[in-house]
Amino acid sequence: MKIVAGLGCIDDYLTLVKAGVDEVFCGYVPYEWNKKYGSLFPLNRREVLYYNVQINSFEDMKILKKMMDRYKVPVNITFNYLYYLEEQYEMIAKMIKALIDIGFYEFIIADLALILYLKENGIKCSIHLSGECVELNRLSVDFFNKFDISRYIFHRKNSIEDMKACIEDNKDKNIEYEAFILNERCHYTGAFCNSLHCDEMIHLCKMPYKLTKENKFANNFKEVDQKLEAYMESDYDIVDEMEDSDVLGGTGCGLCSLQKMKIAGVTHLKVVGRGNSVDNMKRDVEDLRKALSILEDLEECEAFEEKMKDKLFCNKCSGSCYY
Numbered sequence: 092m093k094i095v096a097g098l099g100c101i102d103d104y105l106t107l108v109k110a111g112v113d114e115v116f117c118g119y120v121p122y123e124w125n126k127k128y129g130s131l132f133p134l135n136r137r138e139v140l141y142y143n144v145q146i147n148s149f150e151d152m153k154i155l156k157k158m159m160d161r162y163k164v165p166v167n168i169t170f171n172y173l174y175y176l177e178e179q180y181e182m183i184a185k186m187i188k189a190l191i192d193i194g195f196y197e198f199i200i201a202d203l204a205l206i207l208y209l210k211e212n213g214i215k216c217s218i219h220l221s222g223e224c225v226e227l228n229r230l231s232v233d234f235f236n237k238f239d240i241s242r243y244i245f246h247r248k249n250s251i252e253d254m255k256a257c258i259e260d261n262k263d264k265n266i267e268y269e270a271f272i273l274n275e276r277c278h279y280t281g282a283f284c285n286s287l288h289c290d291e292m293i294h295l296c297k298m299p300y301k302l303t304k305e306n307k308f309a310n311n312f313k314e315v316d317q318k319l320e321a322y323m324e325s326d327y328d329i330v331d332e333m334e335d336s337d338v339l340g341g342t343g344c345g346l347c348s349l350q351k352m353k354i355a356g357v358t359h360l361k362v363v364g365r366g367n368s369v370d371n372m373k374r375d376v377e378d379l380r381k382a383l384s385i386l387e388d389l390e391e392c393e394a395f396e397e398k399m400k401d402k403l404f405c406n407k408c409s410g411s412c413y414y
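In my numbering, the protein residues as written are 92 to 414.
Quick caveat, the hints were computed from the structure, so don't treat them as lab data.
Careful: at least some of the hints might be erroneous.
Unchecked claim - Once the Cα atoms are required to be at most 20 Å apart in a straight line, the calculated EDC-like pairs of lysine to aspartate or glutamate come out as:
| # | residue 1 | residue 2 |
| --- | --- | --- |
| 1 | K126 | E150 |
| 2 | K318 | D337 |
| 3 | K188 | E150 |
| 4 | K126 | D151 |
| 5 | K127 | E178 |
| 6 | K351 | E393 |
| 7 | K215 | E267 |
| 8 | K185 | E197 |
Said to hold, decoys possible - Estimated spans, in silico, between C-beta atoms of each pair:
| # | residue 1 | residue 2 | range |
| --- | --- | --- | --- |
| 9 | K398 | E123 | 48 to 56 Å |
| 10 | A321 | C296 | 20 to 28 Å |
| 11 | I293 | Y162 | 34 to 42 Å |
Quick reminder that beta carbons are idealized off the backbone N, C-alpha and C, glycines included.
Please work from the sequences and hints to get the whole structure.
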């Protein structure tokens with residue numbers, strides 16, 4: 092399985108390459124777009140301006156392409172907002188065409204209308220279907236196959252059983268599959284989330300809230316009631332979560348499930364990180380590489396999990412499990 096990591100600025104590319112990444116992905120939001128639409132009509136799901144999350148100039152993209160040619164680590168460009176205005180498709184297509192002309196070919200897209208627009212205008216590229224498009228099950232994958240997808244990125248809420256069923260049932264065997272492995276676990280499903288991840292406000296999924304029953308006597312969903320009681324008994328505190336955020340996988344981790352993901356047919360592992368500290372990203376990639384190395388040596392799931400936890404976590408597992 093290959094490691095795919097988020098890139099916030101071109102200065103971080105070499106650091107991630109040396110850490111052992113196989114691919115990187117980044118956002119590209121040129122000045123012309125920001126001038127016309129600002130961050131309220133974003134190109135991708137990072138609606139921010141004030142820190143290193145996007146690459147903002149075409150000249151930087153040219154430099155990144157030269158670095159890609161030198162170090163042979165591919166770069167995928169993200170245009171994964173849920174939808175765009177009709178007037179925006181022509182502008183986006185011109186951006187993608189310009190990027191193709193300088194040597195980029197892989198694009199992460201969530202909006203099916205944009206995929207159709209590119210095809211209708213003869214713009215040939217490799218499309219990774221974003222997890223923001225919510226590939227729920229085998230039927231959805233069968234539908235998406237009509238769009239010549241080269242890679243499916245499973246969304247955060249897919250179980251490994253869901254992934255395995257989608258992969259095994261897919262008649263097209265030349266497709267790659269990517270799944271989340273580290274960071275930014277969210278209790279919302281991206282395809283149904285209309286929150287802005289902007290400069291001015293905390294992300295909606297990170298706002299503290301009180302979880303209660305509307306009617307304490309209601310008993311319609313017994314399993315939910317049991318989980319709610321367990322949650323209350325755990326005395327969970329958001330401050331504790333913030334203190335643990337520096338632990339490997341502190342905001343989301345799937346390392347214990349690496350073997351199951353490999354058996355399921357997952358080919359690429361996503362380390363979320365656009366806007367994260369490059370030092371943390373370097374550590375994440377290096378530790379994921381170590382975990383994959385342990386996986387090669389140990390076939391049994393329990394033995395792998397025990398050795399991996401001992402080697403990487405030192406009894407500081409975050410408990411923020413993806414799977």
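Right, here's what the structure says about each hint:
Distance check on the hinted pair: K126 and E150 sit about 18 Å apart at the alpha-carbon level, within 20 Å; holds. Between K318 and D337 the alpha-carbon distance is near 27 Å, which puts this suggested pair outside the 20 Å criterion. Restraint check for K188 and E150: the C-alpha separation of about 15 Å stays at or below 20 Å, so the hint holds. Pair hint K126 plus D151 holds up; C-alpha atoms about 18 Å apart against a cutoff of 20 Å.
Among the hinted pairs, K127 with E178 is consistent with the structure: their alpha-carbon atoms are about 12 Å apart, no more than 20 Å. Pair hint K351 plus E393 holds up; C-alpha atoms about 11 Å apart against a cutoff of 20 Å. The suggested pairing of K215 with E267 holds, with an alpha-carbon distance near 18 Å, which does not exceed 20 Å. For the hint pairing K185 with E197, the CA-to-CA distance comes to about 15 Å; that is within 20 Å, so the pair holds.
In this structure the hint that K398 and E123 lie 48 to 56 Å apart at CB holds, the actual value being about 51 Å. Distance hint check: the CB atoms of A321 and C296 are about 21 Å apart, consistent with the given range 20 to 28 Å. In this structure the hint that I293 and Y162 lie 34 to 42 Å apart at CB holds, the actual value being about 36 Å.
In this structure, only the earlier hint numbered 2 is contradicted, and the remaining ones agree with it.
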